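Number of protein chains: 2
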Amino acid sequence: MTLDELIVSRRSVRQYNEKKVERDKIESLVNAAIWAPTAGNLQLLHFVVVRDKGVIEKVKLFSPGMPKTAPCVIAICADLEEARLRGGEFAEKNTPVDSAFAAQNILLKAHQIRLGACVVKSYNKKSIGRILKLPGAMMVLMLITVGYYDKRPKAPARKSLSEVLHYENWESEMKQDE
Amino acid sequence: MTLDELIVSRRSVRQYNEKKVERDKIESLVNAAIWAPTAGNLQLLHFVVVRDKGVIEKVKLFSPGMPKTAPCVIAICADLEEARLRGGEFAEKNTPVDSAFAAQNILLKAHQIRLGACVVKSYNKKSIGRILKLPGAMMVLMLITVGYYDKRPKAPARKSLSEVLHYENWESEMKQDE
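So the sequence lines, in the order shown, correspond to chains Y and R.
Quick note on numbering: the first sequence equals residues 6 to 183 in this note's numbering.
Quick note on numbering: the second sequence equals residues 6 to 183 in this note's numbering.
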């Protein structure tokens, strides 16, 4: 698939089958994440990958946003105290945003290798941190469920370009031509 | 290029040449952004694309993080009051994060069509909002400079997988095998 095809045909997949996600697949996902840009190139993100069913059930208990089942959960984490120490307020504020750059690479790579994935933003940070035994100020910034799936969800409609693209400024959009 | 090649060979490009970024290229960038996931599928992001040199100079005055010159600046914006109204605190908090999912698609698509791009997170929100004539509670979440370039920057070193990838939990990483 071309990049455009990958981008457009990617879906948030929330229903997975039982097949285990292989270690080499996980490594290719996290490798894609590593190459996303980070604020000040600080590279503070860590990736805790959970495949143990018992641990996933525990994570699910504290994650109302999680799909019913998932064979694999990737927790993107960072130490925001380290962020502040190394890059000041700027890094502390932007490192959580960095997790989304990394996540989008994971979503595209997952789709390319026929894995489904879904971002989970609704979870209890402290509880998940404890379950994953995160040290000190390391905290979960985002969860991504990953797994194989039998049925690809339909695409939710997207706004058209003309609804969201503005040239030069908000008001002059109708005057623009090439 | 394969997705892996695109992801790994993308750079933050901060030096551009004078060539204008064509409208169809801009549309392909914003179209890639539209297909990124958004919190609650609310699709609140707008994209204000500036190519006017005078406006870009004004934006630069209030953006210490911006490269010296850029033939094109994409401002990713959203109305966070609308976010709160439609999706509560969850959407208000996560819509800024959505801008990074969209931005990563823009960065990858730019690289694929041989454009350089760089995310700018350090800027004066109010001033840039005024320059772009944003209405009401619409605000700038991220700037991306875009342009053609003569020289591709070298890759900054990345951490290795083993430094950032942990299995099951933070402490058990050394025990994992397949």
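Warning: the hint list may mix true and false statements.
If chains are identical, the list can't say which one is meant, so a pair holds when it fits in one copy or spans any two.
The list that follows gives simulated cross-link-like pairs (lysine-lysine, DSSO-like), each with its CA atoms no further than 30 Å apart [said to hold, decoys possible]:
| hint | residue 1 | residue 2 |
| --- | --- | --- |
| 1 | 25 | 98 |
| 2 | 131 | 159 |
| 3 | 164 | 130 |
| 4 | 98 | 24 |
| 5 | 138 | 164 |
| 6 | 164 | 25 |
Don't read these hints as lab results, they were simulated from the structure.
Note that the structure is predicted; figures quoted are calculated from it, not measured.
Now for the hints, and whether the structure bears them out:
no.: 1; hint: 25 x 98; verdict: neither (35 Å within a copy, 33 Å between copies)
no.: 2; hint: 131 x 159; verdict: neither (34 Å within a copy, 39 Å between copies)
no.: 3; hint: 164 x 130; verdict: between (32 Å within a copy, 25 Å between copies)
no.: 4; hint: 98 x 24; verdict: neither (37 Å within a copy, 34 Å between copies)
no.: 5; hint: 138 x 164; verdict: between (41 Å within a copy, 22 Å between copies)
no.: 6; hint: 164 x 25; verdict: between (35 Å within a copy, 27 Å between copies)
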